[in-house]
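Enquirer: Below, each chain spelled out in residue letters.
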Amino acid sequence: MMENAWLIPIFPLVTFLVLLLSGRRWREQGAYIGILLTLASFILSLLVLIERFKEPTYKVTIDWLSIGGTQLTAGFEINQLNALMLVIVSLVSLLVQIYSKGYMYGEERFSIFYAYLGFFTFAMLGLVMAPNLLQLYFFWELVGVGSFLLIGFYFYKQEAKKAAKKAFIMTRIGDVGLLIGVILLFWETGSFEYGEIFQAVQAGEISVGRLTLIAVLIFIGAVGKSGQFPLHTWLPDAMEGPTPVSALIHAATMVAAGVYLVATMFPLFLASVTAMHVVAVTGGFTAIFAASIALVQKDVKRVLAYSTISQLGFMMLALGTAGYVAGVFHLMTHAFFKALLFLAAGSVIHAIHTQNIEKMGGLWKRLNWTGPLFLIGTLAISGFPLLSGFFSKDEILMSAWEHGDYLLFTLAVITSFLTAFYMFRLFFMIFAGESRSSVNQVKESPSIMLLPMFVLALLAVISGYIQTPWFGTFLGDWLVEGNEKLLGASHNEGPVWIMFMAVFVSLAGILLAYMMYAKKKIPRDWLFKENSKLYKVIDNKYFIDEIYFFTVGYAIKGFSLFLSYIEKFIVGGLISTVTSSIEGLGKIGSKLQTGQVQQYGMIAFLGLAVLLVIFALTGGYLR
Amino acid sequence: MDWNTMLSYNWGAMMPEFIILGTAMILSILDLFWPKHFNRRKLAWLALTGIILAFLSLISLFSFETVSILSDTFRLDSFAKAFKLILLFGAGLVILLAESYEPQEGLQEHRGEFYYLFLTALLGAMIMTSSGDMITLFVGLELLSLSSYILVGIRKHNRKSNEASMKYVINGGISTAITLFGMSYLYGVTGSVNLGEMSRTMAAMTDGQLQYIMGLAFFMVFVGLSFKIAAAPFHMWAPDVYEGAPTPVVAFLSVISKTAGFVIILRIFLSLFLTAPGDTFGALDFLEKNNIYIAFVAGLTIIIGNVIALRQQNLKRLFAFSSIAHAGYLLVAVATMGGGYFLMDTVWFYLLAYLLMNIGVFAVIQLLSSQSGSEDISILAGLGGRSPYLAIAFTVFILSLAGIPGTTGFIGKLNIFLGTFITEPGHYVLAGIMIAGTIVSYVYYFGLLVQVFFRPIHSDKVIKIRSGLSTVIIICLVGTILFGIVPNLALDFLHNQFGDFTDFISSE
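So the sequence lines, in the order shown, correspond to chains L and V.
If you use the numbering used here, the first sequence corresponds to residues 8 to 630, in order.
If you use the numbering used here, the second sequence corresponds to residues 7 to 514, in order.
All clues given are correct.
Here are the simulated SDA-like cross-link-like pairs (lysine to any residue), alpha carbons at most 25 Å apart as the crow flies: (1) V:K162 to L:T601; (2) L:K450 to L:E365; (3) L:K598 to V:Y448.
Some residues of chain L that are not near chain V, with every Cβ distance over 12 Å (derived): (4) V21; (5) I57; (6) T64; (7) N86; (8) F160; (9) Y161; (10) L191; (11) W194; (12) G211; (13) V223; (14) P274; (15) N363; (16) E365; (17) D412; (18) I573; (19) V578.
Derived DEER-like restraints, expressed as beta-carbon distance ranges: (20) V:I469 to L:Q603: 33 to 41 Å; (21) L:T64 to V:D498: 20 to 28 Å; (22) L:L24 to V:N16: 48 to 56 Å.
Hint data in this document are derived by calculation from the structure and do not stem from the laboratory.
Yeah, the Cβ is synthetic: ideal placement off N, Cα and C, and Gly gets one too.
Between the sequences and the hints, there should be enough to build the whole structure, so can you do that?
Expert: Rendered as structure tokens:
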């Protein structure tokens with residue numbers, strides 16, 4: 008089956024092409040094409056994953072281009088990480104497409120939406136399967152294009168247009184880092200192949216300083232895509248896209264690409280202590296930083312967006328503290344419960360037509376299905392015992408403790424407290440208390456939207472059990488199989504009190520939220536008032552956007568003004584000289600082209616004569 | 007030569023040539039005796055059948071060992087096989103173009119003649135790829151040239167066509183005269199017309215005086231053949247001739263005739279001047295020493311072709327200059343010897359790429375110009391709205407000609423470009439000119455795309471495509487994209503079949 012894995016990204020590509028060319032005719036029926044083809048992708052991915060359990064890594068490449076002695080290859084590879092990612096991506100994409108059939112119903116550009124989803128899924132699957140860095144970079148950029156199209160899907164909305172542009176530009180900044188890193192690696196090792204690069208790294212062919220530089224540059228690419236500080240600002244704004252898109256792109260796939268990149272290049276990072284530290288610190292800081300912003304946001308999707316940033320920070324923290332398995336594990340569980348949360352939030356928005364949680368409340372009784380589903384997602388992300396998030400977060404805490412980063416460990420513990428708190432703040436604001444909505448007719452979403460949520464809820468509950476301290480560490484054993492030296496241990500052993508503490512902080516967070524937002528025993532402003540300075544700072548997301556605007560923005564504006572003058576007078580002058588001289592040359596040339604044959608003959612003989620005279624005069628010594 | 011020697015020759019080696027010759031003869035007899043009301047258009051299919059048969063027989067000859075028959079005048083080596091492949095492939099596509107050709111005037115009564123003259127021209131080109139001595143080389147060249155002169159003027163009552171034909175004959179005459187003059191010098195210094203023998207004699211020539219004469223001969227042969235490939239400053243006939251000639255003939259001239267020109271240049275240069283010493287010590291070979299002149303002509307050709315193309319309003323003239331520029335890029339490969347090792351691969355691949363994209367473009371032009379009766383750039387206006395599929399195909403061809411990644415044209419150009427750096431010392435100036443020329447070419451290529459997508463629709467007449475023409479466009483489109491994405495498909499084929507062309511120079 009693995010030899011046919013190349014078909015997996017082809018199915019969504021077919022969706023894209025078919026719907027783009029003739030989607031308008033089918034309108035809503037186009038969804039079936041997307042769903043069926045993605046289903047095919049998913050089934051194939053599942054079969055590939057099952058086969059990968061038994062068989063070794065499968066890799067096939069063809070020589071794509073040979074330049075001199077260098078062979079550039081193209082192909083695909085199925086290793087443990089790839090196989091797992093294929094299933095996650097195709098599954099979430101499938102569920103999102105089923106959900107969108109209900110959510111996007113009546114949208115005028117319905118088939119275009121599915122075409123874009125198909126394109127994005129194709130790019131993401133291609134990225135995951137890439138056997139070398141060049142191919143990865145190619146799909147990396149395609150993923151960026153796909154997300155640009157999807158975020159800006161409501162292009163007639165000014166905010167959506169701006170958000171799409173911002174997402175594209177912010178991630179591009181990261182991409183430049185990645186590109187430079189890839190080029191430097193090629194320069195050092197002469198190859199884009201993962202295997203050859205890691206061999207060169209292991210053999211110590213690259214100096215440590217250079218290695219750190221390369222790893223950090225590649226990490227910058229991951230920072231951009233995964234919305235890590237300081238390139239995180241695009242992700243909350245990207246919530247302007249349709250909600251299913253947020254579930255697909257900003258929960259399970261594209262933002263995970265950065266984590267995937269670091270995981271794929273893990274042996275490279277391991278070789279540089281500094282680079283690992285950069286990853287860990289960036290991750291840990293982003294986690295607590297984004298969690299603190301999520302505390303005060305009033306838009307349901309923005310809370311989820313900051314929580315995504317925070318969770319991605321967790322994954323980076325895990326990878327940076329050598330917890331390869333922990334990072335990948337959390338990537339998987341997060342994909343499920345965060346996609347669930349986004350879809351459930353979409354269901355709420357669908358019912359009540361607002362995203363402002365101040366205007367919700369009391370929906371538990373009215374949304375009989377969405378409520379419990381949302382609760383499952385919230386419990387999972389809060390690290391409530393026995394749900395998937397509990398196990399994966401536990402792995403991360405262990406990993407940080409094991410690695411001896413006690414400061415980062417403390418940050419992570421505080422972040423889990425904050426996570427539990429803000430997630431339940433969100434939950435209680437939406438579902439508890441009295442209705443603050445002006446909409447009277449609140450209807451539960453159709454079953455086609457509920458079905459994907461059930462699947463995700465199920466996974467959010469059970470997916471943690473493939474890696475537990477009690478029932479065995481199946482996932483970890485499998486992920487590092489054959490690569491123990493490169494990827495580290497399959498499981499991090501730590502003191503037992505860590506687990507109890509994790510349970511304690513998450514319960515404490517839930518309790519606090521309960522007291523504040525459900526029981527209202529504790530006033531909402533007991534810690535700090537709504538118009539206090541600190542609140543304003545956090546509410547404005549630490550003014551990061553403003554800081555960018557006033558520093559980078561103005562600096563760039565000033566610089567660009569300076570450049571525009573250079574452009575106008577120096578470059579412009581140069582260009583007009585060049586163009587006018589080329590034009591002049593063209594004029595002279597076409598004037599010579601008189602149509603008179605005798606003149607043609609004369610010029611030809613003149614040409615021959617000139618060549619001969621030069622040859623004769625130099626005696627053939629001109630070289 | 008007695009009967010037995012005649013029979014002992016391995017005539018199978020000439021199978022493709024025989025098939026083409028036979029088809030041409032059958033066509034000419036049919037055309038002569040069949041009643042006037044019979045539509046000669048159908049003869050195209052007969053011609054196409056002949057070409058396909060020749061193609062198949064050529065493929066069956068791949069396993070054939072290198073042979074040299076007719077006292078070393080006809081060679082079937084890897085070089086011949088590889089380039090005949092391109093010639094026959096291109097000829098098949100052009101025949102399909104000609105079948106769909108529906109001009110406003112002329113050609114009706116001479117359609118029959120068109121097909122067999124076309125085949126004789128093709129035969130001339132094929133002979134050139136296989137010739138082992140200068141006589142057959144020249145005969146092949148003249149067969150190709152004479153047939154082309156008539157093909158250009160086949161629209162007998164069209165003034166422009168007549169003018170084009172006349173100009174072509176005169177310029178062709180000049181070129182033949184110069185080539186022949188150069189060849190006579192070569193005969194003078196070597197005393198032979200057989201390329202193998204000449205090569206051996208010249209390799210041993212260390213006398214400075216003789217080398218000087220060899221140099222003169224080199225320049226005259228080079229200049230004479232530069233006419234054929236339309237390299238500057240010997241290109242001036244090309245725009246006028248392209249403008250007047252029927253579109254399929256233009257496609258023929260710009261692709262097949264040009265391929266033949268490069269074939270003969272490679273044959274002569276590589277077999278004679280590569281082994282000849284360049285100085286009295288024999289430290290350098292002749293080509294290595296004098297490639298600066300080829301480089302000079304290449305640079306000039308790129309500049310002139312691209313710069314003058316900017317000012318063209320007539321599509322055929324524009325593509326005449328574009329084809330001049332492409333000849334310049336190919337000459338860069340010749341000048342740098344493809345980086346010393348990859349000359350054959352580079353030239354072969356580029357010619358294949360050029361064949362696909364250029365015939366594709368001419369197919370679209372033929373379609374549009376025969377419907378509107380004009381050849382002005384403006385006939386492209388609004389094509390994107392009128393026929394999106396045609397517009398997409400045209401866009402791909404143009405992007406390929408401009409050398410945008412993802413297309414065959416890019417890979418071809420990349421190979422040539424890298425070749426300029428591999429040699430010691432690198433031809434950096436030439437590489438710079440190539441880049442500059444390419445950038446200038448964007449202006450006129452993208453100008454065409456602006457017409458296609460951003461100008462109001464010129465006419466809303468429904469575009470009808472004959473099946474032959476759409477086949478050509480589809481084949482070219484698929485090829486242009488396929489070899490752009492997986493170029494190794496073609497290059498690996500070349501390596502597996504022909505290795506490193508080691509059997510090029512007479513093996514004995």
